[in-house]
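One letter stands for each residue in the lines below.
Number of protein chains: 2
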Amino acid sequence: MPHFADFLTSRIAETRSVACVGLDPVLESLPDAVRVRHHDPVEAVRAFCLGVIDAVADAVPAVKPQSACFERYGSRGVAVLEAVCSHARSRGLCVVLDAKRGDIGVSAQHYAAAAVHAGAHAITVNAYLGFDTVEPYLDAGLGVFALVRTSNPGSDAVQDPRLHDGRTVAAMMAERVAALGAARRGASGLSDVGAVVGATKAAQGVELRRLMPSQVFLVPGYGAQGGTAADIRALARAGAKDPAEAGVLVNASRSVIYARGVGAWQENIRTAAATMTEELGTAVAGEPR
Amino acid sequence: MPHFADFLTSRIAETRSVACVGLDPVLESLPDAVRVRHHDPVEAVRAFCLGVIDAVADAVPAVKPQSACFERYGSRGVAVLEAVCSHARSRGLCVVLDAKRGDIGVSAQHYAAAAVHAGAHAITVNAYLGFDTVEPYLDAGLGVFALVRTSNPGSDAVQDPRLHDGRTVAAMMAERVAALGAARRGASGLSDVGAVVGATKAAQGVELRRLMPSQVFLVPGYGAQGGTAADIRALARAGAKDPAEAGVLVNASRSVIYARGVGAWQENIRTAAATMTEELGTAVAGEPR
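Residue numbers (this note's numbering), protein chains in the order written: chain A, 1 to 289; chain B, 1 to 289.
These are calculated hints, taken from the structure and not from any lab test. Predicted, not measured: the structure shown is a model, and the values here were computed from it. Heads up, some of the hints might be wrong.
Far from chain B by the CB rule (all over 10 Å, computed), these chain A residues [stated by the list, open to error]:
no., residue
1, Glu43
2, Ala59
3, Ala79
4, Ser90
5, Val169
6, Thr200
7, Gln204
8, Lys241
9, Gly263
In silico contact screen, one side only, chain A against chain B (beta carbon under 7 Å); selected entries [to be verified]:
no., residue
10, Cys69
11, Ala83
12, Ser86
13, Lys100
14, Asp103
15, Leu147
16, Pro153
17, Asp160
18, Pro161
19, His164
For glycine and all other residues, C-beta sits at the position ideal for the given N, C-alpha and C.
Work out the full structure, taking the sequences as your base and the hints as a guide.
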């Protein structure tokens, strides 16, 4: 079975980019050019996502479809999600399904089957139910990004309280992630068990990186959500000389997929992805490439 | 907007049952009678679930479709989930979609739209991202059951550690659930914000009930997973004289939907649901009804 983290690392090396483009299509935000051609909302979402993929396939290593944006259209939306994952895969992209699933083992097996069926290489998971609920995804050959520390306003109240031993809840989760991932490291030295760590929590990121040295951090919140390249630096593995060694995959959605500019919509997206890659390259590898 | 907890309470009063039938269809376990007639797996799942609903609609207040079991078949499976929710709703059942969703606010809005589209009255949510991520479901008119304490083997490691102030992580979640739910109580005195509390954690259940006096507890793990009627008693509201006052909705899946017996498969299911109702009535209302 191919090793997810090694595949991702090879893609990062090829593209020299740690940028991940989030596919969070929202009808009202789609380019006019797409909406004029496709009056049916689900078809517009499909055309837009396939167009984004074609625009960025050579420029970034990965895309991250947000499952919720497709599920909201019911079974037709899920069919589009499958088409989007399949197209991204065929274009050589690493597909991280942002589904934040979490359920007991037997249900997790079903969710893993669904993600494999859709064509994902990896999936985001919520491990509040415990790490026995994470293993079925790995057993199905998927990479996993477990939620550790997120950037949304309400996350502090749940993830930041201190345990009796001084660790935060997030740090406790981080240690569990590292433990589960220890046996799942590939030739790259990185594990198939990664972590979601928000860009705007960089101060805590240093500690989380210490606890999770072999994890790929999937970092949401770059761009429109306020995270900066400087925030990313705190999350990268120490001493990384190359993007492929940094152990970060930085997601931006709105700031890339709805990029405005002088060109056609796909050109603007490609330009935004290239700009993001440039900014991140400096951040994760210490100096301009 | 109709109040979920009040609707559920009225259904419990009508059926005099706190039993919820879990729709967790797994192809290999379906009755021979269904599998012989439907060679296509997705059609077999559909026919089975519709048949279970017809068998129990007059006997129990609610069903709980497990989203994973349908999602594993991709978009066709999601179409069946929608048909199942719709049919249950048309039969007067309260539909609790067991999806354990959890994502930041804007994605939660999409998941809420998906659950409404499918026809659910309520949804299970995972609040590890914080309780701002729970509100969109309520705003969409759904009842919510937030994961607090589950019964699976790995749950202790995440939900049971003690915070610096002596509370467990689960107790901290319980207090947040109670706080969010305080303003969402209906005429029944019960809140639209409920909690998932496993049947096999009854010792902790007493403390969780103290922290969440106005919450409906959705209790998985009854029957095949090892929870007993005595375990349920610890979770019911103190002094409940009637099932409708108990504030519990007890789920069984395998022990009901795959019940064996002397009758046709639907008869066996109906008998199992009735037996469960009988056992639970004693547990939640203090004495045999």
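Going through the hints against the structure:
1. Glu43: holds, 15 Å
2. Ala59: holds, 25 Å
3. Ala79: violated, 4 Å
4. Ser90: Its Cβ never comes within 10 Å of chain B, the nearest being 17 Å, so this holds.
5. Val169: With a cut-off of 10 Å, Val169 (chain A) comes too close to chain B, as the shortest Cβ separation is near 6 Å.
6. Thr200: Holds: least Cβ distance 12 Å, greater than 10 Å.
7. Gln204: holds, 15 Å
8. Lys241: holds, 34 Å
9. Gly263: holds, 27 Å
10. Cys69: holds, 5 Å
11. Ala83: violated, 10 Å
12. Ser86: violated, 11 Å
13. Lys100: holds, 5 Å
14. Asp103: holds, 5 Å
15. Leu147: holds, 6 Å
16. Pro153: Holds. Min distance 5 Å.
17. Asp160: violated, 10 Å
18. Pro161: At 5 Å from the nearest chain B Cβ, Pro161 (chain A) passes the 7 Å test, so the hint holds.
19. His164: Holds: closest Cβ of chain B sits about 5 Å from His164 (chain A), inside 7 Å.
In this structure, the hints that do not hold are numbers 3, 5, 11, 12 and 17, in rising order.
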